[in-house]
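Asks: In case you want the letters, here they are:
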Amino acid sequence: MRLGLALKLLWRDWRSGELTLLLVSLLIAVGTVTTITLFVDRLQQALLAESATFLAADRVISSNQPIDPQILTEARTRGLGQAETLTFLSMVFSSERAQFAAVKAVSDTYPLRGELITSDKPFEFGEIVTSGPPPGEIWLESRLLPSLDVQPGDVLDLGVTSFVVSKALIKEPDKGGGFSNTGPRVLMNLSDVPLTEVVQPGSRLTYRYLFSGEKQALDDFQAWVEPRLDENVRMFGVKEGTEGIGNALDRAERFLLLGGLLGVILAGVAIALSAQRYSLRHYDHVAILKTLGATPNGIDGLFITIFVLLGLIGTLLGSGVGYMAQIGISAALQPFIPVELPAPGMRPIWLGLTTGFVCLLSFALPPLLKLRSTEPIRVIRRDIEVGTGSNRLAQLIGVVGTIGLMWWYSEDIELTLMIFSGGLVALLVLSGLAFILLKSGRVLGMQAGSVWRLALAGMQRRGQENTMQILVFGLAIMLLLILFLVRTSLIENWQAQIPVDAPNHFAMNISPEDVEPIRNLLVENDIRSQPLYPMISGRISKVNGEVAKEREERETQTDDQEERGPRATSNRNLTYAGEIPDDNLITSGEWWAADYVGPALVSLEKDLAARNGLKVGDALEFTIQGRQLDAKVSSIRSVAWDNMQPNFYIIFSPAALEDYPSTFMTSFHLERENKIFLNGLLREFPTMTVIEVDAIIEQIKTIITQVTMAIELVLGLILISGALVLLASIQASMDERFKQHAILRTLGAGRRLVMGSLVIEFCVLGLFAGVLAAIGAEITVYGLEEQIFELDYEPNPMLWLLGPVIGAVLIGLIGTIATLKVVRTPPTIVLRGLN
Amino acid sequence: MIKTIDLGKTVQTSEGQLTILKGIDIEIKKSEAVAIVGASGSGKTTLLSLIAGLDTPSQGQIFLADQELTAMDEEQRAKARGEFVGFVFQAFQLLDSLTAIENVMLPAELKGDPEAESKAKELLVRVGLDHRMHHYPRQLSGGEQQRVALARAFASSAKILFADEPTGNLDTKTGATIIDLLFELNREFGTTLVLVTHDLRLAERCDRSILIDSGVITAEPIQAKASALIES
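Each protein sequence line maps, in turn, to chains W and S.
The numbers in the working numbering rise by one with no breaks, and the one at position 696 of the first sequence is 696.
The numbers in the working numbering rise by one with no breaks, and the one at position 18 of the second sequence is 18.
These are calculated hints, taken from the structure and not from any lab test.
For clarity, every value in this text was computed on a predicted model and none was experimentally measured.
Straight-line alpha carbon distances no greater than 30 Å define the calculated DSSO-like cross-link-like pairs of lysine-lysine that follow:
1. S:Lys111 - W:Lys8
2. W:Lys171 - W:Lys215
3. S:Lys3 - S:Lys159
4. S:Lys159 - W:Lys8
5. W:Lys606 - W:Lys549
6. S:Lys159 - S:Lys173
7. W:Lys8 - S:Lys119
8. S:Lys121 - W:Lys8
9. W:Lys632 - W:Lys542
10. W:Lys739 - W:Lys439
11. S:Lys79 - W:Lys8
12. S:Lys79 - S:Lys159
13. S:Lys3 - S:Lys22
Input sequences plus hints: build the corresponding full structure.
Replies: Encoded structure:
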């Protein structure tokens with residue numbers, strides 16, 4: 001019986017238009033969530049797959065020694081893909097010349113992700129291959145060919161064995177950008193390594209074990225492996241493996257999650273508002289049903305059945321819409337996305353369906369449960385208020401549902417609680433402010449002309465509803481502003497990280513006599529470069545007279561484990577400079593004058609100083625090339641490590657190191673089409689080493705472009721949700737408005753007056769909401785950028801103009817359009833309907 | 001069929017406690033037709049809502065069909081209403097999203113009666129609306145809406161029918177037709193009728209009247225005093 005009755009009521013409500021807005025809100029909520037999650041899921045999979053090529057694998061174990069073979073057996077039994085690489089430094093000899101090279105020996109399955117590009121001619125794009133050289137052959141990085149004066153087909157010696165140089169190596173996936181890979185690459189087959197006899201006890205070796213497979217299988221494997229690894233052995237994935245990309249991906253993921261979260265909340269608010277309106281319009285129905293013998297439990301049962309049915313229809317349709325929308329978006333964006341999007345999985349569909357129901361239950365159930373406490377006497381006296389019996393329970397359901405959904409989405413309880421509690425505090429503060437704003441409206445209204453008075457008096461009369469409405473509008477605008485601001489600073493931050501003309505080549509091992517000619521050559525070819533910095537290896541041996549090693553051991557015992565930064569006693573590249581390098585900022589002390597002459601001064605990087613307890617004024621003794629040099633710390637600096645320029649922990653004043661033999665380094669920017677310049681450069685200065693990071697920068701840029709696009713798409717979807725909330729909120733006040741304006745019109749108010757008061761009312765509501773949104777957004781963005789995105793917060797003065805203006809225009813416009821019907825409907829029809 | 005003992009209702013207002021009803025003792029027998037009359041604000045509608053179980057008293061006891069309403073919670077009262085009570089209101093109180101026949105089916109449907117539809121059809125034929133069964137309330141005239149409400153009131157096979165100013169929203173002629181129909185049906189079904197009205201001619205058609213003045217029963221039945229009170 002109940003199902004039959006519920007179905008009938010549902011159908012009738014639908015036909016009379018009572019449910020349209022609720023169903024549309026639900027549909028858009030589920031649709032938005034499904035679209036976002038499906039698209040983000042595919043994009044994330046694609047980005048991860050793309051990023052995996054930076055490692056040539058999904059996970060890597062890196063070690064200085066071979067690892068326990070049992071680990072590899074385990075990986076095999078778990079069905080993971082496997083490859084091995086071994087890197088070491090060695091000399092390679094051609095008949096005429098010799099060159100220090102970074103040799104990488106790879107197994108036949110290498111690379112597991114990404115691809116190798118080889119060519120028959122150096123510096124030219126050749127063919128893509130999916131495995132390394134066969135035994136007996138080696139591939140040389142382009143610039144090794146001119147510096148060793150060999151051609152493909154020639155023979156080279158490596159250790160005690162000769163190899164045929166079969167190809168030039170143009171690109172390898174896991175090249176890495178650090179200085180650890182100094183030296184041009186030689187790629188060989190792993191099975192040839194024993195023949196060369198270069199790997200001896202004590203050699204500096206890096207073993208890398210590569211794994212690939214499904215995420216879950218990899219996670220399980222990693223969990224199994226980690227307790228079995230030695231302390232100094234690391235297992236990592238894309239995010240941990242490549243710092244810059246990891247950061248970008250991490251932040252992007254958080255942003256998309258945040259966007260999804262806010263989308264859900266907005267849709268939830270829309271649902272709550274439409275459900276509230278649905279409930280309001282059903283109090284009379286329920287009172288009648290109750291006089292006819294329907295019990296409170298029966299009422300709950302009836303309306304819950306109606307909502308479950310509605311939920312089923314809404315979520316199923318919504319996920320269908322989301323699925324189609326996502327296919328459309330992917331198809332439309334395909335030409336711009338350089339990676340192939342993998343097929344969407346089922347998870348986002350489930351996510352959408354569940355979200356729909358949780359949304360419906362936590363946002364629509366509370367107003368619905370109020371129906372049960374409708375007094376039957378309402379059939380006689382309509383002024384009877386509806387009881388608040390289930391309010392507590394209803395609010396609890398709402399809170400639990402919201403937190404649950406947020407947590408589920410972000411899988412990050414910290415982010416969830418931060419946004420939730422922030423939102424709650426904002427809500428409290430903002431409702432107080434909204435109340436004050438409304439009060440001030442009254443003062444203004446008293447002195448104004450009749451249209452204004454009508455509008456402001458209207459706002460006053462519905463004070464509580466309007467406070468709510470300002471809050472809802474404010475919340476929606478605030479969320480949009482937050483997303484927009486965070487997006488803007490994220491993207492700006494990324495773009496600033498890698499400017500268009502960032503150096504993409506490092507030149508090292510430049511001998512002093514080559515400094516001038518190279519500088520001239522760079523200038524002649526119009527290549528932007530950094531100054532040439534001398535590089536001298538040395539270490540700190542004493543601090544304020546105490547042997548540095550002993551001091552370090554003493555400090556470590558009392559040290560906080562948390563503290564990071566490099567140790568002072570390791571060998572480091574030292575340099576000297578008159579001018580402070582770009583992007584370095586003095587945090588304490590002073591930089592010396594460019595023409596400073598006198599006792600040696602030294603400037604330390606701040607992490608190095610902090611880790612080792614060094615400060616301005618400390619007396620340091622350095623051991624450089626077997627000689628001692630005393631220097632005083634004159635300044636501490638911060639260094640932008642990711643600016644792709646030569647950066648140093650320790651910089652001396654100019655004259656201090658001039659007597660020490662040194663090599664020089666610099667970095668410069670070279671366009672792809674000018675890369676042939678390297679050939680000439682290396683031919684002329686064969687002893688120098690050039691590290692090409694242009695490919696990596698290119699890849700980082702590609703990923704950032706993709707992520708930016710995804711972020712903009714999400715922002716667009718959230719905008720739609722926001723507009724929906726505004727509409728739902730305006731719809732919720734429609735009955736009241738119809739009545740008020742019908743009465744006004746009956747009393748002789750002209751259309752223009754009614755219209756004018758509506759426009760003013762919405763614009764003022766929007767203005768207030770905008771002010772609140774600006775306050776809320778500024779505070780939240782501060783928290784988010786500082787805590788979650790680790791960006792440097794800057795105040796946004798534009799916000800204070802943008803918020804109120806957007807509020808007034810947007811809400812004025814949407815409000816007026818949505819209520820045009822109020823003005824157009826003849827008052828008799830409205831009044832007859834009111835009965 | 002209906003009995004109240006020392007029934008009272010007070011409400012809290014901003015100016016203090018307001019007594020709406022005080023010391024009401026009435027007894028209404030099975031199949032009796034009783035009118036509750038009084039001026040506007042005298043408390044007659046409150047009395048009706050109390051004995052119909054739509055509202056709860058501040059003091060006293062109410063017995064409805066030998067069951068004590070005042071000892072029940074809302075869940076039990078709702079069940080009792082469904083079982084014994086039918087209503088006709090001044091404002092008709094039809095669900096505007098349901099058709100005439102669906103409105104009439106409601107009480108039986110709430111009870112889970114499988115013959116809800118056939119019973120509803122019979123009743124609508126009985127009130128002369130067989131040609132308007134599938135119309136919505138807004139497509140019906142006031143008199144027609146009240147006839148649907150009458151059909152609905154009898155659809156639950158109620159033992160007691162409460163009517164609150166059933167002609168208040170109708171013109172005299174239509175009102176008279178509705179009243180005739182109400183009394184006819186009441187006789188046919190053997191229902192106990194409690195009618196709230198300020199129409200003395202209507203009250204005269206009942207077996208007796210209860211006069212309420214300022215929340216107390218003044219006397220019963222003193223028609224002259226009633227008319228004086230109402231007209232003043």
